[in-house]
Every structure is written in C-alpha cells, then in structure tokens.
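Novice: Each chain, written out:
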Amino acid sequence: MPTPLPARDPSIRRQIVGLLIVAGLLMVALVVAIATRHDMFSKKAKMHFVTENATGLAPGTTVRLSGYHIGSVSTMTLQPDLKVRVTLSIDTEPFASLRGDASAVLVREQLRAPAIEIRPGKGADALAGDDPLIAYSRGNTLTEIADDLRERIAPILADVKEITGTVRSKQGEIAAVIENAASATRQLADTTQQLRALAGEVRGRVGTLGAQAQGMLAEANQAVARTGNLVGQAQKSLDTVNATLPGLMHKSSEMLDQLNGVARDAKTISASTAASVPGLLRSVTPLVDDTRDMVSGIKQAWPVRSLLPPPPSPLLPIDSLDAMILRDASIR
Amino acid sequence: MISVTSRLALGYAAMLAHAFTRRGLLRQDAVRGALARQIHFTGVQALPYVSVVALLFGAVVVTQALALLGPDNEVVLKAVVWGGIRELGPLVTALLIIVRSGVAIAAEVALMRLRSGMSDDLWREIDHEEEVVLPRVLGVAVSAAMLVAYFQSFAILAALLASTVTLGSTPEAELEHFLTGAVWWQVPLSVLKGFVFGAGIGAISCYHAMHIRDDISAVPKAVVAACIGSLSFVIAADLFVVLLFIA
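Sequences listed follow chains D and S, in order. Mapping to this note's numbering: the first sequence position 163 is 167, numbers consecutive. Mapping to this note's numbering: the second sequence position 134 is 152, numbers consecutive.
In short, the hints are calculated from the structure, not lab data. One or more of the hints may lead you astray.
[Stated by the list, open to error] Far from chain S, by Cβ distances over 12 Å, these chain D residues were calculated:
id: 1; residue: Gln19
id: 2; residue: Arg41
id: 3; residue: Gln237
id: 4; residue: Arg296
[As the list claims (entries may be wrong)] Restraint ranges, calculated between C-beta atoms of paired labels, are given here:
id: 5; chain 1: S; residue 1: Thr188; chain 2: D; residue 2: Ala100; range: 27 to 37 Å
id: 6; chain 1: S; residue 1: Ser24; chain 2: D; residue 2: Val164; range: 57 to 67 Å
id: 7; chain 1: D; residue 1: Gly169; chain 2: S; residue 2: Ser24; range: 52 to 62 Å
id: 8; chain 1: D; residue 1: Ala100; chain 2: S; residue 2: Gly42; range: 32 to 42 Å
id: 9; chain 1: D; residue 1: Gly22; chain 2: S; residue 2: Leu44; range: 16 to 26 Å
id: 10; chain 1: D; residue 1: Thr81; chain 2: S; residue 2: Pro66; range: 46 to 56 Å
id: 11; chain 1: D; residue 1: Glu155; chain 2: S; residue 2: Phe258; range: 51 to 61 Å
id: 12; chain 1: D; residue 1: Leu29; chain 2: S; residue 2: Phe258; range: 49 to 59 Å
For every residue, glycine included, the Cβ atom is placed at its ideal position computed from N, Cα and C.
Chain D extracted, bound-state conformation:
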C-alpha cells in the first residue's frame, strides 16, 4: 500500500494556505503601521527651504519641533542655480503654530541620525501660504569642527616648521648665543648674589639706622617731655613771678626811695666828712710812724725778740708783669 502524497491531504493544503495568508496579513499590517506612523494617510502641510549644501539631508530625514517628531523630508531637488530645494512634510497642527520667522536647523549628534529641528519663530505673522519658504542653518559636526581647527592650526604649524628649520640651519650660531647666554646667566647669577649680599647689608644698616633713629626719637621724645616739664616749670615760675612781681616792683620802688634818702644822707655825711677828713688824715701819719717805731723797738728788744719767729724771706714775684702780685703788699 503506497504512502498517500502530502499534497493530496486537504488539511495540509489548508495549512499551507492559512500560513501564507497569515504571513501576508502580517506584512500588510506592518506596512500599514509604518505608513500610518509616517502620516502617509493623513493630510500634511508642506514648507521648504533652499540651501547651498544639503549634506546630511535625505528624503525621510526626521523633522522635529521641540524634539518631537512632526514630519520628514519629502523631496530634494537640485535647482538650476546649483542650490538644493528641500521640501518638508509636517503635520498640519504644528504647522499652524509656526510664525513667519520660523527656521530649520540640521542637528547631528554623534551616532544619531541627522534630523531637522524646526524653530517656530516669534514673529507676529503666522507662517502662511502653500509650501512657504523658511530659513535654514546647519549645526557643526565634529568633522566640521575638526576641519575648522585644522584650517586655523595649519598656518601656525607651518610657521613653527619654518622656525624650526631656521633654527636647525643656524644651530652653530645658536649654540654660541646659548653659550653667551649661559655665561651671561652665570654672571647675572653672581651679580644677583652680590646684589643679594648688598641688599642684606643695606637691610642690616637700615635696621641699625632705624634702631638708632628709633632711639633718637625716643630720646627726643624724652627731651621734649623734659622740655615740656621745664616749660611747665617756667610757666609756673613765670606765674609766680607774675604773681610776685607787682609786690617786688612796689618794694623796689620803696627801696629806691629809701636809697635816694640814704644817698642824700651819705651826700650830706660826705660833705661834712670832706670838711673834717683832711685834718684828720694829716694827724694820722705821724701817729702811724710813731707806732711803727714802737713796734720795731719792741721786736728788737730782748726777750721779745726771742719769742718772735724770724721774718720770712721775701719771695720774688713770678712775673713782673703781674700787677696783682706787685700790688700785693704781703709779697713784698
């Protein structure tokens, strides 16, 4: 008995057809879901921008508003002026909120796919019309930043290379210059050391002077203090003098009056004396001579002569010009 062919089994045929239908439905559902998500079955609003460089843009590139997906790039067209016209297809609801100065910025973040970020603008007028034109700018990528840096650094590196080559070609001169510089540096070091020593010495002297000046100032302060005391004492003395001077003046005046009286009396006495003194003086001289004779006789008389010490030998004056000595009677 032969084995029945599988194809002859109706259940197998139904199984095949069922699986094929399910597979087809799965694919259709997937396509419809993707198309619905991309708003292929909904009404879209269009706007466009024109750029000289559409690098990073492609049909299907995501369009975002505040980071939220609102549409995609629908078409890109190269114009006769070699600029690219990029048409964006976005939802009608966010389109209504865009202003007249709305703009588009290409955003590229590392491994993420590039996307267009719409800035709604702040103008008074709404973005109106069919397929309106908006501004467009590009954010710099790492490559562009690197290129910019390279363009800036390349001339500097060329200059450095040139300088390095020049230095290499004049290495002998530079060695001499360096030797001179080293020598100068050593001398400079010596000079610096000397200056440092000088500065130290000056510092010491200045310190000493300072100390001395400080002492002098202290002494001056003390002198001033003393002077102050003296002034105070003088002030007191002056005050005392001021206090006693009127009395003294008064007393002096009285004394002068008394002196005037005395002088008048003395004048009177001298006048009377002048009349009697000459006769008196004339009678004194014989008296004195007699007295001298008497004393000499006594001295020479024995026992008095033995009781008296011998007279001292007269001394000669040291200087004959000394009038005081010549006038001194005792020396003679």
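Following the hints, put chain S in place on chain D, whose structure we already have.
Specialist: Quick look at chain S alone, frame taken from chain D:
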C-alpha cells in the same frame, strides 16, 4: 576559476529560466501537488525552527546593540530595523533553508535521477525533469518569502520586548520608536529578497542534482556543491542588493 564560476552562473541562470519558461506546467495537478509538497516541507515544517531563531535573533540584536551603543533607542531600533528586516532577516532565513531544504532537494533529485525508472510511491507520477525543477524552485521561493515574513514579525516582536525590558520603557513607546525609524518599502523588499533567495537555492540545488554522473558516489558531491553554490549565491545576491541601495 573564473571559467568554472561563469559556467556555474550560466547553469544556475539556465535552471531558473527553465523553471520560469515551464510555468504552464502549474496547470497540471501533479505539478501543483509537487509544489504543495515542497512548500509543506520547506515552509510549514521549517516554521518552528525559523520562529525560534527569529525570536533569539531579535532579542540578541537589541541587547547587543544596547550593550555596544548605550541606551539610545533610536540607534538600537535603527539597527533592528535595518539589520533585522532588510538585511539579516532574509539572509538568516536563506541560510536555514540551505541547511535544511537545499541539501535535501539536491540529494532527493540526484537519487531520483540515478533511480529514474524505479517505481517510487512519491514521485511515480513525474515523468519529466521539468516537473521536478519547477515545483522545487517555486516552492522554495514561496516558502522562503513566507518564512522571511514570519522571521521579521517574530524578530521585531522579540526586539521590542527585549528593548522594553532592558530600557524599562513601555511596549507602546518602543513600537512608536520602531515605526518611526522604519520605512514601509523595507518590508516588501525583504520579502522579495527572500523570494529571490529561495528561487536561487532551489535552482542551484536542482542544477547540481541534475548534473551528477551515473554513480551513487556522486550524490554527496552534488549535495556539497549545491550547499556551497547556494551559500555563494545568497551572499552575492545580498551584496548586490546592498550595493544597489548604497548607489
């Protein structure tokens, strides 16, 4: 080497053209029955294996992408969309068909050719080689397209679940991200790739089986040649599609 490659390429193309030009044979019940058997063997019976591989594939792609690129939904789901749907999905499905059905077709047809004239319960109604090639080429092609559709569905499902669990988000949010990153024409394109891969695998397997010497020891060589030829065709065709889209 070049001459051998050219000869094989011409032979594969001739086998495909042979099957396409004999499409009128589908009106015969025997050929339709053979086609149904081939779809049953290649598509229906392989569905559990393909489903398991697809689930593992989707989960692994997402977790590996998250591990490599960090918790960036957009990049990860882009990798799943582009890698899972358009490129790796059809490719992995084709490899499974080669391993499972391509070698079987080559061995079966080679033995049929060697034992032609012998009474066989399964193939006794087939008298001409056209009736052998057409149902196998078309059956593998339809089965491959169907398996790619299931592979995509299961891989996307597993990827969404894995990203949901890994990132701690919701399935709705992950599905939203996936649908945003996907492009609708990738789906029919991948199914078309699966169909072309299947047709090529069937044609190549039949070619090497139909051209064996009358010796039983040539059967393993035909199976190996069919396997290698199918692998080369799938990789070359996939590369061609990639280059076509890059250009």
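Novice: Within 27 to 37 Å or not, the Cβ separation of Thr188 (chain S) and Ala100 (chain D)?
Specialist: holds (30 Å)
Novice: A cut-off of 12 Å on Cβ-Cβ distance, and Arg41 (chain D) was said to be off the interface with chain S. Does that hold?
Specialist: Contrary to the label, Arg41 (chain D) does not stay out of reach of chain S, its closest Cβ about 4 Å off (not over 12 Å).
Novice: At the C-beta level, are Gly22 (chain D) and Leu44 (chain S) separated by a distance inside 16 to 26 Å?
Specialist: holds (21 Å)
Novice: Would the non-interface assignment of Arg296 (chain D) survive a Cβ cutoff of 12 Å against chain S?
Specialist: holds (154 Å)
Novice: When you take the CB atoms of Glu155 (chain D) and Phe258 (chain S), is the distance between them in 51 to 61 Å?
Specialist: violated (41 Å)
Novice: Is Gln19 (chain D) truly not at the interface, in the sense that its beta carbon sits beyond 12 Å from all beta carbons of chain S?
Specialist: Since the minimum Cβ distance to chain S is about 6 Å, Gln19 (chain D) lies within 12 Å and the statement is violated.
Novice: Could you tell me whether the CB distance from Leu29 (chain D) to Phe258 (chain S) stays inside 49 to 59 Å?
Specialist: At roughly 30 Å between Cβ atoms, Phe258 (chain S) and Leu29 (chain D) fall outside 49 to 59 Å, so the hint is violated.
Novice: Check the following: the C-beta atoms of Ser24 (chain S) and Val164 (chain D) are separated by a distance inside 57 to 67 Å.
Specialist: holds (59 Å)
Novice: Mind checking the hinted window 52 to 62 Å against the Cβ distance between Gly169 (chain D) and Ser24 (chain S)?
Specialist: Holds, at about 59 Å.
Novice: Is the claim that Gln237 (chain D) lies outside the interface with chain S correct, judged by CB distances over 12 Å?
Specialist: Non-interface label on Gln237 (chain D) holds, nearest chain S Cβ at 99 Å vs cutoff 12 Å.
Novice: Just to be sure I understand the hint, the distance between the Cβ atoms of Thr81 (chain D) and Pro66 (chain S) should be within 46 to 56 Å; is that true here?
Specialist: holds (50 Å)
Novice: Quick check on a hinted range of 32 to 42 Å for Ala100 (chain D) and Gly42 (chain S), using CB atoms only.
Specialist: The hint (32 to 42 Å, Cβ to Cβ) is violated, given that Ala100 (chain D) and Gly42 (chain S) are roughly 59 Å apart.
In summary, the structure is inconsistent with hints 1, 2, 8, 11 and 12 from the numbered list given earlier, while agreeing with the others.
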